[in-house]
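Enquirer: One line per chain: the protein sequences are A and B, in this order.
Quick note on numbering: our numbering labels position 35 of the first sequence as 43, and the sequence is numbered without any gaps.
Quick note on numbering: our numbering labels position 27 of the second sequence as 195, and the sequence is numbered without any gaps.
Simulated from the structure, these hints should not be mistaken for laboratory data.
Take the hints with a grain of salt, since some may be wrong.
Said to hold, decoys possible - Below are the BS3-like pairs computed for lysine-lysine, each with C-alpha atoms no more than 30 Å apart in a straight line: (1) A:K47 to B:K213; (2) A:K56 to A:K42; (3) B:K213 to A:K77; (4) A:K32 to A:K77; (5) A:K97 to A:K77; (6) B:K173 to A:K47; (7) A:K47 to A:K32; (8) A:K32 to B:K173.
Since we're looking at a predicted model, the values are computed, not measured.
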Amino acid sequence: MKRVLIVCGTGVATSTVVADKVRKHLAAVGIEAKIEQTKVTELHRGAKGYDLVVATTQVPASVDAPVVKGLSFLTGMGVEETLAEIEQKLSD
Amino acid sequence: MTELKDLVAEDAILLDIEASDDRSLIAVMADALVGAGVVGTGYGKRCIDREGTDPTGLETIGGNIAIPHAEPDEGDTPAIAIARLAAPVSFGAMAEPGETVDAAIVFMLALPGGEAHLDALGRVVELAQDPVRMSTIMEARDPAGVRAALSEEAT
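Kindly produce the complete structure, drawing on both the sequences and the hints.
Expert: In structure tokens:
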């Protein structure tokens, strides 16, 4: 079981929009994953224990998990590439 | 499920407005929401502050947009204001420090937490990724025309 953390800025929870898309895609390709969400302000402790971080905001350099930009889920541009990157990073 | 069009009052749909920058546009849009009686007077200031630290410009399939927002006060009514600009206004790009997006349509989101709010955000994102409905907004002659584009059935 992989652990994925979806991170957004403060305010409107863009992470929920992203989490929804990531969850559906991983289920479709048969990758078992637990998906959690947080705000970037909660990330000061790093992302210990997570296999991947997907973010719609800048994440601090202290985050010690692979990070994928999730902005494409909001813009609609480059979604396939982002999903491929997520799959690839989760199978490393 | 709350429909997007039910969150957008017609007097919070601003067509072909002119603004010199993102801050003045946000102030004008917040005033429209204050005028509609859905948020308190501090809302615009909070949106401007937040835009400064965490900008919201997005280059989407349907066009360049921005989604300025802040946490509403308790007692505020969930609402969305829409501005179509006479000339694009430059916003900082979300998650891309130093980059900007020249936004043509701006959605100001005054949405408290909870399911309805997340649902509405998802719907704004879907709308922005729909070139057909976005062009309906660009070409609408009046606020009612914009509201028509907000219903999913419009496509």
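Enquirer: Decide, hint by hint, whether the structure agrees.
Expert: Checked hints:
no. : hint            : in the structure
1   : A:K47 to B:K213 : 22 Å, holds
2   : A:K56 to A:K42  : 14 Å, holds
3   : B:K213 to A:K77 : 29 Å, holds
4   : A:K32 to A:K77  : 17 Å, holds
5   : A:K97 to A:K77  : 12 Å, holds
6   : B:K173 to A:K47 : 28 Å, holds
7   : A:K47 to A:K32  : 21 Å, holds
8   : A:K32 to B:K173 : 27 Å, holds
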